[in-house]
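Asks: Take a look at the letters that make up each chain.
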Amino acid sequence: MAGSNPNAKPMNLTLKVWRQKNRNTQGGIVDYQVKDISPDMSFLEMLDVLNEDLLRKGEEPVAFDHDCREGICGSCNLFINGRAHGPEAGTTTCQLHMRKFSDGDTITIEPWRAAAFPVNKDLSVDRSAFDRIIQAGGYVSVNTGGTPDANEIPIPKEIADRAFEAATCIGCGACVASCKNASAMLFVSAKVSQLALLPQGHVERKTRVENMVAQMDKEGFGACTNIGSCAAECPVGISLENIAILNHEFLAAKATSNNLA
Amino acid sequence: MFPDSKIPEGPLAEKWDKHKFNVKLVNPANKRKYDVIVVGTGLAGASAAASLAELGYNVKAFTYHDSPRRAHSIAAQGGINAAKNYQNDGDSVHRLFYDTIKGGDYRAREANVYRLAQVSVNIIDQCVAQGVPFAREYGGLLANRSFGGAQVSRTFYARGQTGQQLLLGAYSALSRQVAYGKVKLYTRSEMLDVVVVDGQARGIITRNLITGEIEQHAAHAVVLATGGYGNVFYLSTNAKYCNATAAWRAHKKGAYFANPCFTQIHPTCIPVSGDYQSKLTLMSESLRNDGRVWVPASKETAERLRAGQIRVQDIPEEERDYFLERKYPAFGNLVPRDVASRNAKEVCDEGRGVGSSGLAVYLDFADAIKRNGETWVSQKYGNLFDMYAKITGENPYEQPMRIYPAVHYTMGGLWVDYNLQTTIPGLYATGECNFSDHGANRLGASALMQGLADGYFVIPYTIGDYLAQTPPKPVTTDHPAFKEAEAEVRARVQKLMSINGTRTPDDFHKALGHIMWEYCGMARNAEGLRHAKAEIQKLRREFWSDLKLVGTESEMNQALEKAGRVADFLELGELMIDDAYNRNESCGGHFREEYATEEGEAKRDDENYAYVAAWQYVGDNQPEILNKEELKFENVKLTQRSYK
Numbered sequence: 006m007a008g009s010n011p012n013a014k015p016m017n018l019t020l021k022v023w024r025q026k027n028r029n030t031q032g033g034i035v036d037y038q039v040k041d042i043s044p045d046m047s048f049l050e051m052l053d054v055l056n057e058d059l060l061r062k063g064e065e066p067v068a069f070d071h072d073c074r075e076g077i078c079g080s081c082n083l084f085i086n087g088r089a090h091g092p093e094a095g096t097t098t099c100q101l102h103m104r105k106f107s108d109g110d111t112i113t114i115e116p117w118r119a120a121a122f123p124v125n126k127d128l129s130v131d132r133s134a135f136d137r138i139i140q141a142g143g144y145v146s147v148n149t150g151g152t153p154d155a156n157e158i159p160i161p162k163e164i165a166d167r168a169f170e171a172a173t174c175i176g177c178g179a180c181v182a183s184c185k186n187a188s189a190m191l192f193v194s195a196k197v198s199q200l201a202l203l204p205q206g207h208v209e210r211k212t213r214v215e216n217m218v219a220q221m222d223k224e225g226f227g228a229c230t231n232i233g234s235c236a237a238e239c240p241v242g243i244s245l246e247n248i249a250i251l252n253h254e255f256l257a258a259k260a261t262s263n264n265l266a
Numbered sequence: 301m302f303p304d305s306k307i308p309e310g311p312l313a314e315k316w317d318k319h320k321f322n323v324k325l326v327n328p329a330n331k332r333k334y335d336v337i338v339v340g341t342g343l344a345g346a347s348a349a350a351s352l353a354e355l356g357y358n359v360k361a362f363t364y365h366d367s368p369r370r371a372h373s374i375a376a377q378g379g380i381n382a383a384k385n386y387q388n389d390g391d392s393v394h395r396l397f398y399d400t401i402k403g404g405d406y407r408a409r410e411a412n413v414y415r416l417a418q419v420s421v422n423i424i425d426q427c428v429a430q431g432v433p434f435a436r437e438y439g440g441l442l443a444n445r446s447f448g449g450a451q452v453s454r455t456f457y458a459r460g461q462t463g464q465q466l467l468l469g470a471y472s473a474l475s476r477q478v479a480y481g482k483v484k485l486y487t488r489s490e491m492l493d494v495v496v497v498d499g500q501a502r503g504i505i506t507r508n509l510i511t512g513e514i515e516q517h518a519a520h521a522v523v524l525a526t527g528g529y530g531n532v533f534y535l536s537t538n539a540k541y542c543n544a545t546a547a548w549r550a551h552k553k554g555a556y557f558a559n560p561c562f563t564q565i566h567p568t569c570i571p572v573s574g575d576y577q578s579k580l581t582l583m584s585e586s587l588r589n590d591g592r593v594w595v596p597a598s599k600e601t602a603e604r605l606r607a608g609q610i611r612v613q614d615i616p617e618e619e620r621d622y623f624l625e626r627k628y629p630a631f632g633n634l635v636p637r638d639v640a641s642r643n644a645k646e647v648c649d650e651g652r653g654v655g656s657s658g659l660a661v662y663l664d665f666a667d668a669i670k671r672n673g674e675t676w677v678s679q680k681y682g683n684l685f686d687m688y689a690k691i692t693g694e695n696p697y698e699q700p701m702r703i704y705p706a707v708h709y710t711m712g713g714l715w716v717d718y719n720l721q722t723t724i725p726g727l728y729a730t731g732e733c734n735f736s737d738h739g740a741n742r743l744g745a746s747a748l749m750q751g752l753a754d755g756y757f758v759i760p761y762t763i764g765d766y767l768a769q770t771p772p773k774p775v776t777t778d779h780p781a782f783k784e785a786e787a788e789v790r791a792r793v794q795k796l797m798s799i800n801g802t803r804t805p806d807d808f809h810k811a812l813g814h815i816m817w818e819y820c821g822m823a824r825n826a827e828g829l830r831h832a833k834a835e836i837q838k839l840r841r842e843f844w845s846d847l848k849l850v851g852t853e854s855e856m857n858q859a860l861e862k863a864g865r866v867a868d869f870l871e872l873g874e875l876m877i878d879d880a881y882n883r884n885e886s887c888g889g890h891f892r893e894e895y896a897t898e899e900g901e902a903k904r905d906d907e908n909y910a911y912v913a914a915w916q917y918v919g920d921n922q923p924e925i926l927n928k929e930e931l932k933f934e935n936v937k938l939t940q941r942s943y944k
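Note that the protein sequences, when read in sequence, are chains F and D. Numbers in the numbering used here are just positions in the first sequence, counted from 1, shifted up by 5. Numbers in the numbering used here are just positions in the second sequence, counted from 1, shifted up by 300.
The reader is advised that the hints may include incorrect statements.
Once the Cα atoms are required to be at most 25 Å apart in a straight line, the calculated DSS-like pairs of lysine-lysine come out as [to be verified]:
1. F:223 <-> D:848
2. D:484 <-> F:62
3. D:482 <-> F:40
4. F:26 <-> D:848
5. F:223 <-> D:680
6. D:795 <-> F:26
7. F:162 <-> D:795
8. F:105 <-> D:540
9. D:627 <-> F:40
10. F:62 <-> D:848
11. F:211 <-> D:540
12. D:680 <-> F:62
Counterexamples of contact, computed for chain D against chain F with all Cβ distances above 10 Å [as the list claims (entries may be wrong)]:
13. 308
14. 369
15. 384
16. 386
17. 578
18. 582
19. 691
20. 769
21. 928
Beyond 10 Å from chain F on every Cβ pair, some chain D residues (computed) [said to hold, decoys possible]:
22. 305
23. 354
24. 358
25. 464
26. 473
27. 590
28. 774
29. 903
Hints are computed from structural coordinates only; laboratory data are not their basis. Where is the CB? At the ideal position from N, CA and C, for every residue including glycine.
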């Protein structure tokens with residue numbers, strides 16, 4: 006099966022992998038060799054090969070998060086050679102293929118590094134802070150039933166498309182991992198923009214942005230200094246424009262707050 | 301005596317309304333006295349948990365993921381059906397009902413399917429109100445497209461990521477209830493057993509996947525929304541964690557398992573590239589709206605192509621066989637999935653397949669690009685094309701995609717009555733986890749519809765009927781049944797840890813998948829099924845004597861998680877084979893080679909097999925008991941499906 010790599014020969018690689026027993030212990034880098042890696046393998050399939058090997062030898066496999074392996078669930082989260090999701094732009098770890106590497110390469114694999122994302126084990130981190138930010142306001146407060154007909158409120162296609170673009174965030178946390186401040190602004194802004202753009206989200210737009218930003222701060226994410234590495238490394242291309250929208254929404258909300266408390 | 305399916309009396313179109321009036325209600329002040337456990341946070345689980353919490357019940361929601369948003373519903377691409385008739389093209393509730401019954405090859409319940417079609421229209425309203433950014437026309441109204449098995453455009457979509465947008469909608473509703481304190485969320489918690497107290501489901505046993513702790517949870521009712529079992533085949537379009545453990549544990553506690561052999565093979569997946577392959581990736585069926593499926597007309601051309609002597613571009617139009625358009629002029633490339641898959645297998649078996657393995661057919665967009673331009677194609681399918689390019693290293697704008705069928709969905713599942721209750725009172729099953737709506741074959745864009753129908757609009761009514769008849773006394777884990785169930789779970793985990801053999805869980809899983817795909821996949825026959833049954837029994841014995849695990853059970857141990865799931869697949873696989881062996885007919889996704897028409901199409905036997913096969917577990921290594929629920933068709937005429 007022809008890949009884009011003209012030298013589609015099996016590769017031998019050295020892996021430098023972060024191993025850490027649990028949240029409360031110190032971790033460190035451990036070296037492993039993997040052999041006969043096909044260029045058509047995905048990065049995670051290469052790790053599967055390593056893990057099968059380790060298990061057969063009676064050593065503990067490397068824990069890592071993954072699930073759909075289609076780039077949409079947002080589970081996989083490896084920091085590869087110093088970049089979130091590795092060297093290919095616009096790609097999650099699971100969609101990264103070994104044809105992007107060469108025989109003899111040394112590959113360093115680390116977990117997301119951020120105070121708000123503590124390590125569970127090895128390469129797996131706890132991203133529940135993202136859930137708590139959504140719980141603070143990332144929704145439209147409608148109950149099931151009693152909603153108007155779906156075509157009752159026309160939405161200009163351009164607006165719907167922009168809202169959709171923002172809504173495609175997969176919640177992987179690459180933005181946080183890539184930011185020198187470990188800021189979650191891109192993640193928060195994607196949800197704030199989506200709902201601020203749509204008429205359905207207008208009613209709560211002020212309280213939403215205030216509460217979500219407050220929760221973001223509470224979780225220990227850093228501040229945004231407009232470097233833009235978050236958007237550059239985002240695997241699904243969430244635009245930096247969303248942060249501008251978030252800042253606008255936040256200032257407007259603060260200036261005319263409904264939050265009387 | 302088969303348990304009552306509780307289908308309401310009266311004309312089809314009035315059954316659900318009547319039933320909603322007849323079910324008992326829990327008064328608003330009493331709802332807070334009831335606890336409900338919902339396992340799974342995909343479309344069916346998140347929507348149920350949110351809706352039940354909104355009504356006032358106390359909900360505990362469980363997921364083995366780190367976040368509810370990771371559930372595999374997120375990966376659904378193409379769309380969601382609804383009988384809105386926004387396109388003025390002749391759609392109606394009755395037509396959606398009819399298409400679904402026919403698409404399911406007349407093996408689904410009329411009353412359930414009709415209800416599904418009825419509530420489909422509410423789902424779209426609900427999602428739009430939540431802020432789900434569906435595709436829209438320039439006038440600002442919602443856009444639709446058509447899908448396999450239908451001649452109207454009733455599919456709502458959000459580019460190629462409809463499942464993501466719908467799940468994030470349900471997740472947002474769930475998150476809101478978490479914030480209100482009405483839902484308590486348990487992430488990285490895997491359900492390992494259901495607890496039955498005096499014949500009623502009263503709780504579950506879970507394992508915390510980070511700490512390894514085994515926990516007891518009590519409630520007045522339990523809803524399983526734990527998805528399908530396609531991963532029994534090892535390679536499927538399911539996510540890697542998708543498993544049957546929750547449903548299978550419930551089955552072993554008394555819930556019947558219905559039509560396990562009804563599995564769907566999706567025609568448009570990226571072909572296997574090597575032994576290391578860990579999963580298969582679906583290319584949405586929506587691509588068949590504009591892509592044309594073909595292979596070389598002759599075996600010789602195909603051979604030269606595979607050998608690299610000619611390029612695909614060199615094959616002239618007259619040497620291409622657009623086999624779906626040729627055989628099914630009325631539906632063309634949009635025939636239902638089972639028909640498209642079988643035909644792809646057939647042309648490959650004839651030696652006309654493409655790609656280096658010969659196990660692929662082309663899905664060609666050249667005409668669409670010529671007709672509407674690359675930008676148009678990219679706007680419609682951009683993310684799918686990108687995904688294809690990333691995985692294969694080929695550019696689908698320049699050369700046709702190669703596709704091949706792969707396991708995608710399981711129509712079978714826990715048997716449920718009209719209320720979605722299993723044969724264990726107080727235990728419900730929603731979404732792909734149950735068997736109820738798709739018969740022997742599911743139509744595209746109907747899985748999202750069913751998951752959300754069950755969660756938003758069915759279970760909130762039907763569970764009330766059960767709870768209203770349950771005293772509003774607090775439930776606790778004091779009953780000895782909890783201790784017993786926990787002890788069983790612990791013993792099982794320790795057993796897995798102590799085998800200390802040589803083979804990994806994945807090794808066994810791959811071996812199982814190979815048996816299932818070979819003998820219980822796209823085509824089945826009695827001899828092969830007999831052989832497979834013996835093979836699986838042997839493999840299961842090997843598993844319990846030669847499994848290799850390391851580490852301990854009281855920490856994060858992904859290989860242990862995997863082993864527990866594979867152990868259950870090894871039992872479920874055998875039941876699928878029994879079911880396929882028992883069903884001496886071909887219908888939908890179940891194709892028995894012995895039962896085909898002269899043209900090679902599935903040949904049903906309505907006289908003897910118009911029933912739901914509901915299997916009852918009676919003990920380890922004992923044959924399960926087959927219970928039959930006769931299917932009564934009062935509103936559609938059973939005909940041989942024809943898409944010609």
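Asks: So residue 928 of chain D supposedly isn't at the interface. Is its beta-carbon more than 10 Å from every beta-carbon in chain F?
Replies: Holds: least Cβ distance 35 Å, greater than 10 Å.
Asks: Is it the case that residue 774 of chain D keeps its Cβ farther than 10 Å from each residue Cβ in chain F?
Replies: Holds, since 26 Å exceeds 10 Å.
Asks: Test the statement that residue 903 of chain D is away from the interface with chain F: the closest C-beta pair must be farther apart than 10 Å.
Replies: Non-interface label stands for residue 903 of chain D: nearest chain F Cβ at 36 Å, farther than 10 Å.
Asks: Find the nearest Cβ of chain F to the Cβ of residue 691 of chain D and say whether that gap is larger than 10 Å.
Replies: The claim breaks: residue 691 of chain D does not keep its Cβ more than 10 Å from every Cβ of chain F (closest is about 7 Å).
Asks: Is the Cα-Cα distance between residue 223 of chain F and residue 848 of chain D 25 Å or less?
Replies: Violated, because 43 Å separates the two Cα atoms, which is more than 25 Å.
Asks: Confirm or reject the statement that residue 305 of chain D sits farther than 10 Å, beta carbon to beta carbon, from all of chain F.
Replies: holds (26 Å)
Asks: Should the label of residue 308 of chain D as a non-interface residue stand, given a Cβ cut-off of 10 Å to chain F?
Replies: holds (20 Å)
Asks: Would you say residue 354 of chain D is clear of chain F, with no C-beta pair closer than or equal to 10 Å?
Replies: Given that some Cβ of chain F is not farther than 10 Å from that of residue 354 of chain D, nearest at about 4 Å, it is violated.
Asks: Do the alpha carbons of residue 162 of chain F and residue 795 of chain D lie within 25 Å of each other, as the hint requires?
Replies: With Cα atoms ~58 Å apart, residue 162 of chain F and residue 795 of chain D exceed 25 Å; violated.
Asks: Is the nearest CB of chain F more than 10 Å from the CB of residue 386 of chain D?
Replies: violated (6 Å)
Asks: So is residue 769 of chain D really clear of chain F, every C-beta pair being over 10 Å apart?
Replies: The claim holds: residue 769 of chain D sits with its nearest Cβ about 23 Å from chain F, beyond 10 Å.
Asks: With 10 Å as the threshold, tell me whether residue 473 of chain D passes as away from chain F on beta-carbon distances.
Replies: violated (6 Å)
Consistency with the previously given hints fails for numbers 1, 2, 3, 5, 7, 9, 11, 12, 14, 15, 16, 17, 18, 19, 23, 25, 26, ordered from lowest to highest.
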